[in-house]
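Chain by chain, the residues run as shown.
2 protein chains.
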Amino acid sequence: MWSKTEVPGDAMAHPSGRLRKAPENFIDPAGVREVFVEAGRGRRDFVRKAFAAALGGAAAAGAMAQGNPVPAEGGDPNILELPEHSKGLGQPVATEGYGKPSKFEGNVQRRPSPGLTQTAQSSVSFAPLQSLFGIVTPSGLHFERHHQGWWDVDPSKHRLMINGSDDKMVKTPKVFTMDEIMRLPSVSRFHFIECGANSGMEWGNVAVPTVQYTHGMISCSEFTGVPLKILLDLCGVDYRRGRYVLAEGADGSSMTRTVPMELIESGEVFVAYGQNGEMLRPENGYPLRLVVPGVQGVSWVKYLRRIEVGDQPYGTKDEAVHYIDLMPDGQHRQYSSIQECKSVVTTPSGGQVLLDQGFYNISGLAWSGRGKVKKVDVSVDGGRNWRSARLEGPVMSKSLTRFNIDWVWNGKPALIQSRASDDTGYVQPSYKQLRAVRGTRSIYHNNSIQSWLVQESGEVKNVQLS
Amino acid sequence: MWSKTEVPGDAMAHPSGRLRKAPENFIDPAGVREVFVEAGRGRRDFVRKAFAAALGGAAAAGAMAQGNPVPAEGGDPNILELPEHSKGLGQPVATEGYGKPSKFEGNVQRRPSPGLTQTAQSSVSFAPLQSLFGIVTPSGLHFERHHQGWWDVDPSKHRLMINGSDDKMVKTPKVFTMDEIMRLPSVSRFHFIECGANSGMEWGNVAVPTVQYTHGMISCSEFTGVPLKILLDLCGVDYRRGRYVLAEGADGSSMTRTVPMELIESGEVFVAYGQNGEMLRPENGYPLRLVVPGVQGVSWVKYLRRIEVGDQPYGTKDEAVHYIDLMPDGQHRQYSSIQECKSVVTTPSGGQVLLDQGFYNISGLAWSGRGKVKKVDVSVDGGRNWRSARLEGPVMSKSLTRFNIDWVWNGKPALIQSRASDDTGYVQPSYKQLRAVRGTRSIYHNNSIQSWLVQESGEVKNVQLS
Chain A
436 MWSKTEVPGD
446 AMAHPSGRLR
456 KAPENFIDPA
466 GVREVFVEAG
476 RGRRDFVRKA
486 FAAALGGAAA
496 AGAMAQGNPV
506 PAEGGDPNIL
516 ELPEHSKGLG
526 QPVATEGYGK
536 PSKFEGNVQR
546 RPSPGLTQTA
556 QSSVSFAPLQ
566 SLFGIVTPSG
576 LHFERHHQGW
586 WDVDPSKHRL
596 MINGSDDKMV
606 KTPKVFTMDE
616 IMRLPSVSRF
626 HFIECGANSG
636 MEWGNVAVPT
646 VQYTHGMISC
656 SEFTGVPLKI
666 LLDLCGVDYR
676 RGRYVLAEGA
686 DGSSMTRTVP
696 MELIESGEVF
706 VAYGQNGEML
716 RPENGYPLRL
726 VVPGVQGVSW
736 VKYLRRIEVG
746 DQPYGTKDEA
756 VHYIDLMPDG
766 QHRQYSSIQE
776 CKSVVTTPSG
786 GQVLLDQGFY
796 NISGLAWSGR
806 GKVKKVDVSV
816 DGGRNWRSAR
826 LEGPVMSKSL
836 TRFNIDWVWN
846 GKPALIQSRA
856 SDDTGYVQPS
866 YKQLRAVRGT
876 RSIYHNNSIQ
886 SWLVQESGEV
896 KNVQLS
Chain B
436 MWSKTEVPGD
446 AMAHPSGRLR
456 KAPENFIDPA
466 GVREVFVEAG
476 RGRRDFVRKA
486 FAAALGGAAA
496 AGAMAQGNPV
506 PAEGGDPNIL
516 ELPEHSKGLG
526 QPVATEGYGK
536 PSKFEGNVQR
546 RPSPGLTQTA
556 QSSVSFAPLQ
566 SLFGIVTPSG
576 LHFERHHQGW
586 WDVDPSKHRL
596 MINGSDDKMV
606 KTPKVFTMDE
616 IMRLPSVSRF
626 HFIECGANSG
636 MEWGNVAVPT
646 VQYTHGMISC
656 SEFTGVPLKI
666 LLDLCGVDYR
676 RGRYVLAEGA
686 DGSSMTRTVP
696 MELIESGEVF
706 VAYGQNGEML
716 RPENGYPLRL
726 VVPGVQGVSW
736 VKYLRRIEVG
746 DQPYGTKDEA
756 VHYIDLMPDG
766 QHRQYSSIQE
776 CKSVVTTPSG
786 GQVLLDQGFY
796 NISGLAWSGR
806 GKVKKVDVSV
816 DGGRNWRSAR
826 LEGPVMSKSL
836 TRFNIDWVWN
846 GKPALIQSRA
856 SDDTGYVQPS
866 YKQLRAVRGT
876 RSIYHNNSIQ
886 SWLVQESGEV
896 KNVQLS
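Here the protein sequences come in this chain order: A and B. Under the working numbering, the first residue of the first sequence carries the number 436, and numbering increases by one thereafter. Under the working numbering, the first residue of the second sequence carries the number 436, and numbering increases by one thereafter.
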């Protein structure tokens, strides 16, 4: 399905985003003349050694003598020239408009997968995980998944209705305007959202080339909104009978999903209008979407227009026909909505190229739909040996967690994997373990360990271990 | 200095951003027919009452009967029409470019202050705090402060030099490329950055009209980068003698600031390339800036090109002439760089208009340059009575903290204030307390309590209490 030539150029992008056109420059070797590969010592010493003597060549020494780190380009390294930006008057402060990334980052973009769907309105655009840092996904790079395209819905006309499946389920059905919702008590929380089909291609042994395409249907944001429980309380819901709600979106796909009432009663589910400090983006459901932490993205209904309270699961098309797992015996597994514990190394990852031996910071993301990530182990030898990575704080429930770990590449083939576990004790499975239970015919809910092979050439590729 | 007509239209913007042109519509009263103002009962009941019967008018009832919350506009409320976005095929997934906010949010922008500085290259653009949620500032709305304009510096040519003030201070001076820095162990942390001059106009009893202009020189991001200690270790710094560093930027202003070595040894100071998941924005120092948590923004040197290690404070122009506090006795207070504990209510705030009595969610931001926010108290009667607000988690050290508290407005004048305290026990001062010590001639380091007066008309204005 994927050939090398189909890989978009920017798939090679280093996090800095600037080397995308020349994958052979993934790591710029300039100045690095001596590399230490033994990792036997303590980290600080070990890092120093990996750089020792490497950065003090003639040009650098000349530059340093003048107190200026920018030697003249292409000329005598001892003759220094100030760059224009160190002499001139720059750009003024913003007087209007909305800020944009550097022009040097222009190829850090979300990307659709060629041929994945029949129309671009019912499709996916993947987040460029290989170019991202930390846990916050910039809203301009948040993955997209639409069932009938996105709309920029006028918030002054948008309404949210809450009603019951029968006359007694909800005492006072109501219709809320956005202004009314935004007057109510609000919460702000960091959560990941992952499409149930994320990493879906891998079920069938299709090794898509980059982490953008293997895992790019996950993103993480700080969401702000009103707990759904507050809205239901305002309408007088009969919680004894009303054990499920149906959430319905306003776009043409009429997306509908059942959410169990206990998730709402826990206070975790909320209707969000804010994302990463500002209003939701149109392609992510502006002006209102449901946030169902830990549950697959399809339940986070966009353009949310209606909540119906009922006494049983609704079994709608989006849960009876789609987002179900085909098991080895031919039966379908329904309502498996929690995104289980999972992780992936984002640097180095498929499509990137390491030119030098020496020190690298291996970095990646871990998450669990059941709570907090407890530990992430990393192997560089295909699972024979594991070391625990550093988790960047704060480690939050049902949020992404960034991990980092030191590595010195000795130039030999290396098989890089990460394995997360969460605070329930659950451990991310291998492909072998997952397939033993689930077979290979599913599309959804693949949370197995990802393997990246660093070849002697430095090229990194996606490999599937049987 | 400020007259009503100088207030930009969008200063009135509700967080939803859509009512900016009609401040009288700050809260849309549609459908709210009955308002309960007594706050004597428990919150849930109280909120329900504030909305009771209000949202179930004829149009809504008709809409609900049809299971559709969008009644035909301007027509018979019982005849329903599906909006276009509920019938048609929407926009496709992104194939290129970088996502943008809704067109309905177009006026949520950073704004310069008319006449504040002589040139737009040495100026400020304020973040629209009245329109933001949670704690993450979208990078496209992050405040700007430049001393000689901003540049989009080519990261492949950018260098960071580390050297000593004499031959022995640093064993092996080095020049790092961006690629070399990005290979090193990284950290990701949430921190606020506040200009030392934030709220500076208020020293002289100038009540600027909106929170964007009173407090908009603060923003908060997740930063990613390499602890400066790791870089200094690589160069073999003599920490016994080297008790200070000088940080120098590459832009034409040659911004230079002294940073005490103990801050660096604590591991808190780092050189950042990432901000909110992606590379730094050009106006915020792309590709490399110093992050000095808790310290005023001027020390977070942008376009960072050099770190010099020395044995005493440098006393550069940016610390000897600028960013110093003029005390009542005519002496200057130097090196006062920590941003003390502070808070502000962002909704409701100056320039906004409340049209209805009834329930509101009062929301704001709190922070401390010394650690974590411990408590935020809110008063609606000018400080006679205080209630503790809810703090949204996670509460992180030297980061913004969002607070929320319920309020029912009874239509009478109300004086809204917030007062934060941090985990050192420090309590945010009143203007009176601050001026008793610092006088009124300073520009910098104003962290006193902000007062917003809600008038009977619903208009909110900035008032200064003597």
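Honestly, I wouldn't trust all of these hints.
Same chains, same label: a pair holds when it works inside one copy or across any pair of copies.
As the list claims (entries may be wrong) - Calculated lysine to aspartate or glutamate pairs in the EDC-like style (CA-CA distance at most 16 Å, straight line): (1) Lys810 with Glu697; (2) Lys752 with Glu516; (3) Lys603 with Asp668; (4) Lys535 with Glu697; (5) Lys810 with Glu519; (6) Lys592 with Asp760; (7) Lys896 with Asp816; (8) Lys522 with Asp601; (9) Lys603 with Asp764; (10) Lys522 with Asp587; (11) Lys807 with Asp589; (12) Lys603 with Asp589; (13) Lys807 with Asp858; (14) Lys592 with Glu754.
Think of the hints as simulated: they come from the structure by calculation, not from any bench.
Check each numbered hint from earlier against the structure, then list the numbers of those it violates in ascending order.
1, 2, 4, 5, 6, 8, 9, 11, 12, 14
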